[in-house]
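Could you put the whole structure together from the sequences, leaning on the hints where they help?
2 protein chains.
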Amino acid sequence: MPTIHQLFSQHIEQLQQRVADVLEREELDALIIHSGYPLRTFLDDQHYPFKTNPHFKHWLPLTAHPHCWLIVDGQSKPSLVYHQPNDYWHKTAGDPEGFWVDFFDIKLMANPQDIEPFLPTKRQHCAYIGEHPELAEALDIGERNPESVLNYLHYYRAYKTDYELECIHEANHRAVKAHLSAKELFFAGASEFEINLAYLASLGKSEYSLPYSNIIAMNQNAAILHYTALSASKLAEKQHYSMLIDAGAEYRGYAADITRTYAYRKGLFAELVAEMDKLQLALIADIKPGQRYTDLHLKAHRQLAKLLVDFEFVYCSAAAAVEKGITRCFFPHGLGHHLGLQVHDVGGFMQDEDGDVLAAPANDPFLRCTRIIEPRQVLTIEPGLYFIESLLAELVESEHTRLINWSRVDEMRRFGGIRIEDNIAVTALASNNLTREQNWQ
Amino acid sequence: MPTIHQLFSQHIEQLQQRVADVLEREELDALIIHSGYPLRTFLDDQHYPFKTNPHFKHWLPLTAHPHCWLIVDGQSKPSLVYHQPNDYWHKTAGDPEGFWVDFFDIKLMANPQDIEPFLPTKRQHCAYIGEHPELAEALDIGERNPESVLNYLHYYRAYKTDYELECIHEANHRAVKAHLSAKELFFAGASEFEINLAYLASLGKSEYSLPYSNIIAMNQNAAILHYTALSASKLAEKQHYSMLIDAGAEYRGYAADITRTYAYRKGLFAELVAEMDKLQLALIADIKPGQRYTDLHLKAHRQLAKLLVDFEFVYCSAAAAVEKGITRCFFPHGLGHHLGLQVHDVGGFMQDEDGDVLAAPANDPFLRCTRIIEPRQVLTIEPGLYFIESLLAELVESEHTRLINWSRVDEMRRFGGIRIEDNIAVTALASNNLTREQNWQ
Ligand SMILES: [Mn+2]
Ligand SMILES: [Mn+2]
Ligand SMILES: [Mn+2]
Ligand SMILES: [Mn+2]
Ligand code: NI
Ligand code: NI
Chain A
572 MPTIHQLFSQ HIEQLQQRVA DVLEREELDA LIIHSGYPLR TFLDDQHYPF
622 KTNPHFKHWL PLTAHPHCWL IVDGQSKPSL VYHQPNDYWH KTAGDPEGFW
672 VDFFDIKLMA NPQDIEPFLP TKRQHCAYIG EHPELAEALD IGERNPESVL
722 NYLHYYRAYK TDYELECIHE ANHRAVKAHL SAKELFFAGA SEFEINLAYL
772 ASLGKSEYSL PYSNIIAMNQ NAAILHYTAL SASKLAEKQH YSMLIDAGAE
822 YRGYAADITR TYAYRKGLFA ELVAEMDKLQ LALIADIKPG QRYTDLHLKA
872 HRQLAKLLVD FEFVYCSAAA AVEKGITRCF FPHGLGHHLG LQVHDVGGFM
922 QDEDGDVLAA PANDPFLRCT RIIEPRQVLT IEPGLYFIES LLAELVESEH
972 TRLINWSRVD EMRRFGGIRI EDNIAVTALA SNNLTREQNW Q
Chain B
572 MPTIHQLFSQ HIEQLQQRVA DVLEREELDA LIIHSGYPLR TFLDDQHYPF
622 KTNPHFKHWL PLTAHPHCWL IVDGQSKPSL VYHQPNDYWH KTAGDPEGFW
672 VDFFDIKLMA NPQDIEPFLP TKRQHCAYIG EHPELAEALD IGERNPESVL
722 NYLHYYRAYK TDYELECIHE ANHRAVKAHL SAKELFFAGA SEFEINLAYL
772 ASLGKSEYSL PYSNIIAMNQ NAAILHYTAL SASKLAEKQH YSMLIDAGAE
822 YRGYAADITR TYAYRKGLFA ELVAEMDKLQ LALIADIKPG QRYTDLHLKA
872 HRQLAKLLVD FEFVYCSAAA AVEKGITRCF FPHGLGHHLG LQVHDVGGFM
922 QDEDGDVLAA PANDPFLRCT RIIEPRQVLT IEPGLYFIES LLAELVESEH
972 TRLINWSRVD EMRRFGGIRI EDNIAVTALA SNNLTREQNW Q
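Top to bottom, those sequences are chains A and B. Just so we're aligned, residue 572 is where the first sequence starts under my numbering, counting upward by one. Just so we're aligned, residue 572 is where the second sequence starts under my numbering, counting upward by one.
Since the hints were made in silico from the structure, they are not lab data. The model shown is predicted, which means the values in this text are computed figures rather than measured ones. The C-beta atom is built at its ideal place from N, Cα and C for all residues, glycine as well. Incorrect hints may have been included.
As the list claims (entries may be wrong) - Listed next, the in silico DSS-like pairs over lysine-lysine satisfying Cα-Cα at most 30 Å (straight line):
| hint | chain 1 | residue 1 | chain 2 | residue 2 |
| --- | --- | --- | --- | --- |
| 1 | A | Lys-776 | B | Lys-776 |
| 2 | A | Lys-662 | A | Lys-678 |
| 3 | A | Lys-748 | A | Lys-849 |
| 4 | B | Lys-776 | A | Lys-748 |
Unchecked claim - So the derived list for chain B, only partly shown, Cβ under 8 Å to chain A, looks like this:
| hint | residue |
| --- | --- |
| 5 | Pro-620 |
| 6 | Phe-674 |
| 7 | Tyr-798 |
| 8 | Val-917 |
To be verified - Sample of chain B residues lacking proximity to chain A, with all beta carbon distances greater than 12 Å (derived):
| hint | residue |
| --- | --- |
| 9 | Arg-596 |
| 10 | His-654 |
| 11 | Ser-804 |
In C-alpha cells:
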C-alpha cells in the first residue's frame, strides 16, 4: 500500500503536468484558482451555503475555506494563499495542516481584500478559474474561465489519480455505513425524515456537506426521480411498501453516489428488486475499456426489456419492447454518469481535450455520458424500473397499450420504483465496484 | 380570536394599501414580484438550496415554490401565476390550497418560459421585484428593483399585521419545543452535532428550512459569535461546561430567533447566566414606543457594566467600565434587530419611508437597529457577555488592563460566553414576549 504522501505526490505531479500542457497550448503563464466565497441571498444579510470551486478542491482537500487562492504554473511549487481571518464572528480556519501542506508554498492572508500583492505581478497572461470573474477583472487578470482551458481540464478530470480513487473509495465507505443505518430505520417503520436524520447521524455530518440532496422516497414517492421532500409523517405499518434511497457522502471533496431499493415485504416487488440487482451486476461485469458508455445504456434497455417480458409486464418480445420505446416509459433516465469532485462529474459528453461534444441520443435525452469507457474513469451504473403515473398515462393512450399487462403494472404503482446504483472504478482488465467492496452487513 | 381568514384578509388589505401608495408615489402601474428560482453552483448541474424572495412570501405562505409570480397594483385582486410543472423528475407543486387561495386570482403555468402572456401587456411602468433583473429586462419590465420602491416597502415592513404576529408567535412555539429537546440532550452529554439533530427531529424539518444556521456552541465555542461548525466529537463528562444555543424556526415564511445559554454545573458561570437572564428581562420590561433602539442598546451596556462590577470582574465604576469601552470587550455585538420574513429583518436603520438611514454609532458598529421603537415592530433583545480570546488579548495590552480582575476572567474562558435572546412584539402599552409566552417546561 502506498502512503498518503506517495499518493498525493503522484496526484499533484499529474495535475502539474496537465497545467503545464494547457498553459503551453493556450500561451498562458499561470492559472489563478479561487476557492470562492458564499453568495448572499436576495436583499438579505444571510448567505447560501458555501460550495467551493471544484477546480480548487481538485488540488487539496479544503472544502470549507472561502477566499483562498491557488497559483499554479505547472513548474514551480504550487502557491496557496490561505485565508485566515482574525475574527470572533466566525469559526476561522486553523493553521494549514495535514498531509498536503508540504506540497504548497503557503502564505497566510488575514483579509480577502489584500489578495493583490499575493498574485503574479504580470497577470495579463494568467487565467482566473472561479465563480467571481468580475473580481478577476477588477484584479486585471487577463482571462476569466477561458473555455479552452476549462475544456482541457474537464476532459482530463475523467482520469482519476490513485489518490482520487482512494478518496471516492472512502466516500463509499462512509455512505455505505450510513445506508445501513437508513435501512434499519426503514424496516423499523420510521418516516423518510427520520431515516434521513439517521443517515446524517451515521455520517456525523450536516446536510450541507452532502454532495447532493439525499433522495429518501417511500412508496409512490420513489417514482419521482429527484424526490427530496423528506416527509415527516409516519405511515401505518400496512402502508409500508418500499423505500428507494439515493444518498451519498463526501470525503476530501470527492463524492459517493449510491442507491438502494428495499421491499418491505416478500412478493412480486421484492422479486423485481432482486432481478434488478442481478441486471445491474451483469451490466457492471460487462464494462470494458474501449466501449462507449451509450452502448452500455442501450444494453441496459435490452436487459430491462427481457425482465419486463419474463415478469409478464409486456406481451411483446424484448426486442419489440425496446424498439417501440416501451422500456423508456419504465426507465426514463440515463444509466449513469462520471463521478468525482462533482456528483455528476464534468466531461461525460467530451470526446477529446478540445471539448468536442457528443450529445445524448435523441431517444435518451437524459443520458449524462456518451464517452468511451477508459481506465481510471469512475462511473455510476444505476439502471431503474419505475411506475411513473405521467408516463404510464401516456402509454395507456398510445398504440402500445394493448401490449401492456395493465393489471400487473397497476399492482406495482404503490411501490413507486426501483433504482440500484454503484460506483465503479474502471481498470484495464476488470472494474472495481467501490460500493460493493464495502461491508454491507 | 379572529379566524385565519379574517387575519389574512386584513394582512392582504394592508399590503394592498402599501402597494397603492407606493405605485402612486412612484408613478408605476404594478409590481411584478418573482418568487425566484434556485441558483446553480459553479460549473455544476447542482443548485444552491432555494430561498424565496422575501417580497413574495410577504403575500402568501409559499416558501418552496420557484418560478411563481405575483402581479399587484393595490386595487385589483392580486394575481398569482402558479408554477405547476408536469415533471416526473421533481416533486412538483400540488394544486394551490389553503386559507390564502381565495385572496388571489390564480393562473397555473406549466413552464417557466411561458410567463410572458401572464404579465401585464404594458410593462414599461411596472417594477420587477426579484433576484433575476436580467430576466425582467428580457421581459421588457421597465423598472427592476427600484430603490425607492424597495425603501418604501422595507420601511413599512417593520409594522407587522396581526397575521404576521401570529406567524412569528407560531415560529416561536416550534422553536421553543425544539430548544427543549436540545437542552435535554446537552445535559445528557451529547455532542453539538447530536444536539442539532435532536433539534431538527423536534421541528420535523431539515436544515434547509431554518431561517439561519443554528449556533450550537459548547464551552469556548460559545465565544465565536456565529459558530456553526457543529462538532461531532463527544467531550468527556468533566469537560462539559456550557452550551450556547441560538436556533430558530420558520413558520409560513416567518422566523423565530431564540438564544439560550446553559451552565452544566452550579457555580459562578451558572450565577452569571441567571443574572444575564434578569438583565435581559429588565431590558424587555423597559421597552417603550417612542424610544430609540440605540438607547436600549446603551442601557444594556450600563447594566452589563453594573454586573461586571457586582461580580468583581472589573475594579472601576460601572460608568467608567462603559466610558472606557470595557463593556464592549465583553459584549461586542448589537442588542438585537427587527425580525420577520428575514431573521435580520430589513429597515432597522431606516428613519422614514424614503429610506433615510441612521447608521450605527461609531462605538457600536455591529448594532443592527437605530430606529425608533413603535407598536407592531417585532424586535429581538439579545444581550451577551463573552470571554473572547482576541478581544481579551487587546484588553490586556491596553491601558485598562489594571482595571480587570484577570484571574476571575481567566476562570470564565472555558465557558465561552452567554447570550439570551427573546422575540418581542411591541404594543402601545407593553410588549409581548413571544418567546416566553411559550411553555418552557
Ligand atoms: Mn447517480
Ligand atoms: Mn444517485
Ligand atoms: Mn438575533
Ligand atoms: Mn439569534
Ligand atoms: Ni474501505
Ligand atoms: Ni402558542
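So, going through the hints one by one against the coordinates:
1. Restraint check for Lys-776(A) and Lys-776(B): satisfied, since their Cα atoms lie roughly 16 Å apart, inside the 30 Å limit.
2. With a C-alpha separation of about 20 Å, the suggested pair Lys-662(A) and Lys-678(A) falls inside the 30 Å cut-off, and the hint holds.
3. For the hint linking Lys-748(A) to Lys-849(A), the alpha-carbon distance of about 22 Å falls within 30 Å, and the restraint holds.
4. Only pairs whose Cα atoms come within 30 Å are accepted, and Lys-776(B) paired with Lys-748(A) is accepted, the gap being roughly 23 Å.
5. Interface restraint check: Pro-620(B) against chain A, minimum CB-CB distance 7 Å, threshold 8 Å, status holds.
6. The beta carbon of Phe-674(B) is not positioned within 8 Å of any beta carbon in chain A (closest approach about 24 Å), and the interface hint is therefore violated.
7. About 5 Å separates the beta-carbon of Tyr-798(B) from the nearest beta-carbon of chain A, less than 8 Å, and the hint is met.
8. For the restraint placing Val-917(B) at the interface with chain A, the shortest Cβ-Cβ distance is roughly 7 Å, inside the 8 Å limit, so the hint holds.
9. Every beta carbon of chain A lies more than 12 Å from that of Arg-596(B), the smallest distance being close to 20 Å; the non-interface claim holds.
10. For His-654(B), the condition that its CB be more than 12 Å from all CB atoms of chain A holds, with the nearest at approximately 16 Å.
11. Not every Cβ of chain A is farther than 12 Å from the Cβ of Ser-804(B); the closest lies at roughly 9 Å, contradicting the non-interface assignment.
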